[in-house]
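J.: First to last, the sequence lines map onto chains F and B.
Each residue of the first sequence is one higher than the last, beginning at -8 in our numbering.
Each residue of the second sequence is one higher than the last, beginning at 100 in our numbering.
Since the hints were derived computationally from the structure, they do not count as laboratory data.
Be a bit skeptical, because a hint or two may be false.
[Claimed, not checked] Just a sample of chain F residues kept apart from chain B, beta carbon distances all over 10 angstroms, derived: (1) Leu4; (2) Thr19; (3) Tyr21; (4) Glu33; (5) Gln36; (6) Asp46; (7) Lys47; (8) Glu60; (9) His65.
[Said to hold, decoys possible] Just a sample of chain F residues kept apart from chain B, beta carbon distances all over 10 angstroms, derived: (10) Glu6; (11) Ala8; (12) Phe9; (13) Thr15; (14) Glu54; (15) Thr61; (16) Glu67.
[To be verified] One side only, chain B facing chain F, incomplete, derived with CB under 8 angstroms: (17) Leu142; (18) Pro199; (19) Phe202; (20) Asp204; (21) Gly205.
Glycine is no exception: its CB is placed at the ideal position from the N, C-alpha and C atoms.
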Amino acid sequence: GNSVTQMEGPVTLSEEAFLTINCTYTATGYPSLFWYVQYPGEGLQLLLKATKADDKGSNKGFEATYRKETTSFHLEKGSVQVSDSAVYFCALRDNYGQNFVFGPGTRLSVLP
Amino acid sequence: DAGVIQSPRHEVTEMGQEVTLRCKPISGHNSLFWYRQTMMRGLELLIYFNNNVPIDDSGMPEDRFSAKMPNASFSTLKIQPSEPRDSAVYFCASRIPNQPQHFGDGTRLSIL
């Protein structure tokens, strides 16, 4: 079945550091890929998405590129801020469009 | 625009009691999802509906859990009887076909 694997957290960085959160997936066909962010006490919010190979999703300084050859969708940001502290979930939606599969989440803490 | 609305935000009750969680999806969204989030298991899909019809309830942990969607604007997740291991944050999400899910802020449930 479909699955999503993320790097284990927590990840602790200093402000303005470079961020990478790895995400790899297993799926049949051509899934769409997503990153969701969950701030403390809130629900998940869509951060960015990519629907086909080589697409790059970007939002709020975050980027992720859909790499079919490596089945990856790593999240990057060049300079993190304290306000980026949250839990980040990688997810896929199968090509039937019916269901999402979420990774376990990676907690990011950014220190001033 | 109003997002997905869940109630209550917090619920504390004694084991054995019936618990009812409520969700109002975004107007026009025809798919609704219930998730449970715990530290140990991460985000788990419990059940989802398309056009008010339950499509996949394989994630419902046991018969104590039930979900209904009597109309397009309302869904409930009921636990009867509740147990301490049911303590978690329960999220509702909705979407239109082939679009990302939008999440509510969740209900934090504590069973004593």
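J.: If a hint holds in the structure, say so; if it doesn't, say that too.
T.: Status of the hints after comparison with the structure:
1. Remark: the non-interface label on F/Leu4 is consistent with the geometry, its nearest Cβ contact in chain B lying 22 angstroms away (cut-off 10 angstroms).
2. Every C-beta of chain B lies more than 10 angstroms from that of F/Thr19, the closest at about 17 angstroms, which supports listing it as non-interface.
3. For F/Tyr21, the shortest C-beta to C-beta distance to chain B comes to about 13 angstroms, beyond the 10 angstroms cut-off, and the non-interface label holds.
4. With a least CB separation of 6 angstroms from chain B, F/Glu33 falls inside the 10 angstroms interface cut-off, contrary to its annotation.
5. Listed as a non-interface residue, F/Gln36 fails to keep its Cβ farther than 10 angstroms from every Cβ of chain B; the least gap is roughly 7 angstroms.
6. With a cut of 10 angstroms on Cβ distances, F/Asp46 stays outside the contact zone with chain B, its closest approach being about 14 angstroms.
7. Residue placement check: F/Lys47 keeps its beta carbon more than 10 angstroms from all beta carbons of chain B (closest about 17 angstroms).
8. For F/Glu60, the shortest C-beta to C-beta distance to chain B comes to about 24 angstroms, beyond the 10 angstroms cut-off, and the non-interface label holds.
9. The claim that F/His65 lies off the interface holds: its Cβ sits roughly 19 angstroms from the closest Cβ of chain B, which is beyond the 10 angstroms cut-off.
10. Residue-level check passed: F/Glu6 sits 27 angstroms from the nearest beta carbon of chain B, beyond 10 angstroms.
11. At roughly 25 angstroms from the closest C-beta of chain B, the C-beta of F/Ala8 stays outside 10 angstroms, upholding its exclusion from the interface.
12. With a cut of 10 angstroms on Cβ distances, F/Phe9 stays outside the contact zone with chain B, its closest approach being about 26 angstroms.
13. Once the 10 angstroms rule is applied to beta carbons, F/Thr15 is consistent with being away from chain B; the minimum gap is 16 angstroms.
14. Look at F/Glu54: its CB is around 17 angstroms from the nearest CB on chain B, clear of 10 angstroms, so calling it non-interface holds up.
15. Once the 10 angstroms rule is applied to beta carbons, F/Thr61 is consistent with being away from chain B; the minimum gap is 23 angstroms.
16. Against chain B, the non-interface label of F/Glu67 holds: every CB pair exceeds 10 angstroms, the least being about 20 angstroms.
17. A distance limit of 8 angstroms between C-beta atoms decides the matter here; for B/Leu142 the minimum to chain F is near 5 angstroms, and the interface restraint holds.
18. Against a cut-off of 8 angstroms between C-beta atoms, the interface hint on B/Pro199 holds, since the closest Cβ of chain F lies about 5 angstroms away.
19. A least Cβ separation of about 4 angstroms between B/Phe202 and chain F falls short of the 8 angstroms threshold, and the interface hint therefore holds.
20. Given hint, B/Asp204 at the interface with chain F, holds; its Cβ is 5 angstroms from that chain's nearest Cβ, closer than 8 angstroms.
21. Interface hint at B/Gly205: satisfied, since its Cβ lies 5 angstroms from the closest Cβ of chain F, which is below the 8 angstroms cut-off.
In this structure, the hints that do not hold are numbers 4 and 5, in rising order.
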